[in-house]
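Peer 1: Chains A and B supply the protein sequences, listed in that same order.
Residues 1 to 341 (my numbering) are what the first sequence spells out, left to right.
Residues 1 to 144 (my numbering) are what the second sequence spells out, left to right.
SDA-like mimics (lysine to any residue), calculated; alpha carbons at most 20 Å apart, straight line:
1. LYS286/A / GLY83/B
2. LYS286/A / ALA70/B
3. LYS96/A / ALA70/B
4. LYS131/B / SER141/A
5. LYS106/B / GLY315/A
6. LYS286/A / GLY82/B
7. LYS286/A / GLU89/B
8. LYS156/A / PRO125/B
9. LYS156/A / GLY121/B
10. LYS175/A / ARG98/A
11. LYS131/B / GLY146/A
12. LYS96/A / GLY79/B
13. LYS156/A / GLY82/B
14. LYS156/A / ARG78/B
To be clear, the hints were calculated from the coordinates, so they are not data collected in a lab.
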Amino acid sequence: MSLLRLAFKTAAALLAMGLLGLASLFRPVLRAPAAGEPGESRPARARPLRVALGTAAGLLVLSLAGGAAFVYSGLYDIAASRPHLQLTETLLTTLKRRAVQFHARDLVAPDLDDADLIRRGLVLYRGNCVTCHGAPGEGRSRIGIGVNPTPPPLVKAIERWTAEEIAWITAYGLKMAGMPAFGFGEEPRDLWALTAFVKRMNTLAPAEYRRMAAAVRGEAEAGKETEAVPWLPGPQGWDLLAQRGDARRGAQLLDSYGCSACHIISGLRGAAGMQSRAGPPLTDWKNRHYIAGELVNNPLNLVRWLRDPREADPGTAMPDLDVGEEDAWSMAAYLYGAERD
Amino acid sequence: MSRRATRIGRGRLGGGLPVILSALRPLALAALCLTACAPETPGRLGEEKEDVGPNVERGRELVAVYACAACHAIPGIRGAPGGIGPPLEEWSRRRFIAGRLPNEPKELIRWLRNPEEVDPGTAMPDLGISKEEAIDMAAFLFSL
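Bound-form chain A, shown alone (with noise of 0.2 Å):
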C-alpha cells in the first residue's frame, strides 16, 4: 500500500472517529456507571459531554498534525499531466464559477453583436489567447498543451457564463489556474471586444474564422473583404424551427429515411442495437457543437446538411437520401428536441 493511500485512510479513519465522537453529544455513548458503583459522584449526561468534546478536541489536533505532516512530506502529487481527484476537482470548479459569478454581478455589458467590436476583439483574440485556447480549427499552441487546468476551447463560453463573467475573468484572470489577468486592454472597449468576439466564436465555423484570420492579416483582397467576411452572426432558424418542424414526424422519418441504419440516435431502437456506426452516434444532438466538424449546429444548418451533405462538405460518407424541406425540418425538430440517452 503507498503512503498517500495510507494517508487517506487515516484520514477517512480520523474522520469517523470524529463524527462518533459528535454523535455521542447527543446519545450517550458509553454506558454509565449503575447507581451505587463508586464513581457516580456527576449527573451521567456531564459524563458523555466531556468525552466528546475531549475527543473532537484530541481528534482536530490530530488532523491538524496530520495534514501539516501530509503538506511537509511532499506526497501530494502536484504533476499537471495526473488529473485531480474527483472531489478537489469538483470543489475547485463549483469555487471557481460561485467566485465569477460573485466578482462580475455588478458588471453590465454593452451591446456586443457590432461588426467593428467584434473585428477587434478577433486581432486581441490571436494575440493573446489562441495559444492557449485555440479558435474553431486552430489548435492551442505548445504553451497550451498539458496545462492543467486545460485552458478550455471558448466556442461554447457564452453558453457557460454570461458576457460579464467572460469579461471579469478575461480582465482579472483565475488564480491556480493558469488563466492570466489580462487587464482592460489598451483602448477603452478593448474588454468588451474581446467578450464580443468569444460570443461570436459560439456561432462562427472554421471556414469563416479561416476567412476573418486572413482578413485581419491583411491577406483577403482590398475592397471584398467585408462582402467574404461574416463578422455578424447569420439566421440560425430557430424560430423556423418551432414553426416548421413537427418532432413526432420526425422520429417516424428517420426511421424511413434509414438514419437509425447507420447513427446512433436518441429514443429511436433503430434495428434492434445493430447499427453500422458508420456515422456517429446523435445522441444529445441539442448539445453537439458542428454538424459533421465543419458547420455550426443550428437548425438551418442541419436542414441544409441533411438535404444537401456533398454541398455542405464534398468529401463526406453521408449519403444525399433526397430529403425534403419539410421533412428535413421534421426530423432537425425531432433531433433537437431529443432527450438524452
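With chain A's structure known, arrange chain B on it following the hints.
Peer 2: Same frame as chain A, but now just chain B:
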C-alpha cells in the same frame, strides 16, 4: 472535582480509566472498520492496476495531456467535453474517421497528425502530435 469523578469503570486496579481513553475504544473500533471502506481508485493515486501494455497506457496519458477530452467525450478520461467534437466511445466499432477515412490505425494516425489535410474546414485542430505519440494515442482509442 474528585479524582474518582474523572474516571470510568473499575478497571486498572479499581482506579478506572481516564474518561477520554475509554471514549476512544469504541470509536477506534468503528474507525478501524471504516478504513476498510476507503475506495480504491485504479491509477489515480499513481498505481497502475493492471498492465495493458505500454502503448495503450502511454496513449491514454497522451490523450489526457493533449486535452482531447476538452472537446470529445472519451470513456475513462475525465474532461468537460460539452459536445464540441463527437463522442469517441466504442471507437473501435466506428466505420469512418471524420466521415471520410476508413477507421483503421494507419488512417487514424494520419488524421491525428494533420486533420486539415484530410478535411479542410474541419474544426478538429492540428495539435502538433508527433508520429510516435499518434501511434500510442491510436492504440488507446482502438482499445475502447
